[in-house]
Amino acid sequence: MDRSQTIIRTSIIGIAANVLLTAFKAVVGLISGSIAVVLDAVNNLSDALSSLITIIGTRLAGKEPDRKHPLGYGRIEYLSTLIIAVIILYAGITSLIESVKKIISPETADYSAVSLVIIAAAVVVKLLLGRYVKHKGEQVNSGSLIASGSDALFDAIISSSTLVAALIFLGTGVSLEAWLGAVISLVIIKSGLEMLRDTISDILGERADAELSQAVRRSALSFPEVKGVYDMVFHSYGPDRTIGSLHVELPKEMTIREADTLERAITQKVALDTGVILTGISVYSSSGEDTESYAVRSRIAKILNDYPQVLQMHGFFLDEETKTVRFDLVVGFEGGDRKAVFEEIIAKVKKELPDYTIQAFLDLDTAD
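For the sequence shown, our numbering gives the first residue as 1, with consecutive numbering after it.
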């Protein structure tokens, strides 16, 4: 079974389970007059709707690339998750308003043994459903399924709280229904906001996962001609489609023909090893470790030692004929004003090496 089929099948199971839970909880809540149970039913209904949106999003994301969208429709999954987050947020805000009304104008709940049994059964169902959906989501790298599974597990805790409140009421006569409903509402709102935040972050484009970037680096460095791998940039076009680019440092004696053959081999190996499609490989020419290059590089490195925010110097090349020094500096985002730090360093390098032309570039810290 492929990824899309797994997501759709799991979502269908989630819809069926949540629709049944919604019906049972709604009946129990209306009969008993429990606002907490009714709100829990509403939450289950939103879960079912979320699963439906996941199915639709997966179907659309699976469309083949075309002229208008040559990299496919995978990012639709992010949009479907965004819609789910908005639905959850709306459900939480609506239920909070109703809970506050009940706090202001309280009503006494009336539980029966059947009601309590149904709530207890719902807890078990949500636990099993949550574990299943989250496991499937992790298997196929589906953010929507993982979020749905986590939400279901949290629902089980919420339902357990409802059950505890019912038992407290039956034992002491103290009603915590409206207050519990407010707590449940706040939890739903928090879940919606977190999902919204994470999805917007995915759409904006996040730093590549360290495991992925390191795997790409290892794959490229497996070729003995490659002396270094730098400036890796990755773009996600859905959970299972990542494109990227990078720089490799190659011996200055290598011909264009040899570099072309090597670049094709790197692209193929990286795709096989990591699934990342490299759309561009740029080249740094290594000036080797001759006496002058080593001495100049050491003098620059000594200056950099005073700047812990400088994460890396790479692409170093000394052109002895023109007395030109080229290199890139990676300054971390935690280092304050990156541009100011860079300019201060270059000023010191030019003072240290007055006989050389300095060509330096400020690089982004894009990957681990």
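To be clear, the hints were calculated from the coordinates, so they are not data collected in a lab.
None of the values given here were measured: they were computed from a predicted structure.
Beta carbons: idealized from backbone N, C-alpha and C, even for Gly.
It cannot be assumed that every hint is accurate.
Straight-line C-alpha distance at most 20 Å; calculated SDA-like pairs for lysine to any residue [stated by the list, open to error]:
no. : residue 1 : residue 2
1   : 227       : 241
2   : 101       : 175
3   : 190       : 175
4   : 63        : 243
5   : 227       : 323
6   : 252       : 214
7   : 323       : 253
8   : 134       : 101
9   : 348       : 299
10  : 63        : 117
11  : 134       : 52
12  : 134       : 227
13  : 63        : 101
14  : 348       : 337
15  : 63        : 217
16  : 302       : 267
17  : 269       : 302
18  : 323       : 293
19  : 227       : 168
20  : 351       : 365
21  : 269       : 217
Restraint-style ranges between C-beta atoms, simulated for each label pair [what the hints assert, rightly or not]:
no. : residue 1 : residue 2 : range
22  : 361       : 5         : 16 to 26 Å
23  : 291       : 269       : 27 to 37 Å
24  : 3         : 201       : 47 to 57 Å
25  : 225       : 13        : 48 to 58 Å
26  : 201       : 261       : 14 to 24 Å
27  : 306       : 93        : 51 to 61 Å
28  : 254       : 135       : 27 to 37 Å
29  : 235       : 113       : 52 to 62 Å
30  : 257       : 56        : 19 to 29 Å
Now the hints, each set against the structure:
no.	hint	result
1	227 x 241	28 Å, violated
2	101 x 175	15 Å, holds
3	190 x 175	25 Å, violated
4	63 x 243	18 Å, holds
5	227 x 323	23 Å, violated
6	252 x 214	25 Å, violated
7	323 x 253	19 Å, holds
8	134 x 101	35 Å, violated
9	348 x 299	11 Å, holds
10	63 x 117	45 Å, violated
11	134 x 52	16 Å, holds
12	134 x 227	41 Å, violated
13	63 x 101	46 Å, violated
14	348 x 337	17 Å, holds
15	63 x 217	31 Å, violated
16	302 x 267	36 Å, violated
17	269 x 302	37 Å, violated
18	323 x 293	11 Å, holds
19	227 x 168	69 Å, violated
20	351 x 365	26 Å, violated
21	269 x 217	11 Å, holds
22	361 x 5: 16 to 26 Å	47 Å, violated
23	291 x 269: 27 to 37 Å	35 Å, holds
24	3 x 201: 47 to 57 Å	22 Å, violated
25	225 x 13: 48 to 58 Å	51 Å, holds
26	201 x 261: 14 to 24 Å	39 Å, violated
27	306 x 93: 51 to 61 Å	52 Å, holds
28	254 x 135: 27 to 37 Å	48 Å, violated
29	235 x 113: 52 to 62 Å	57 Å, holds
30	257 x 56: 19 to 29 Å	50 Å, violated
In summary, the structure is inconsistent with hints 1, 3, 5, 6, 8, 10, 12, 13, 15, 16, 17, 19, 20, 22, 24, 26, 28, 30 from the numbered list given earlier, while agreeing with the others.
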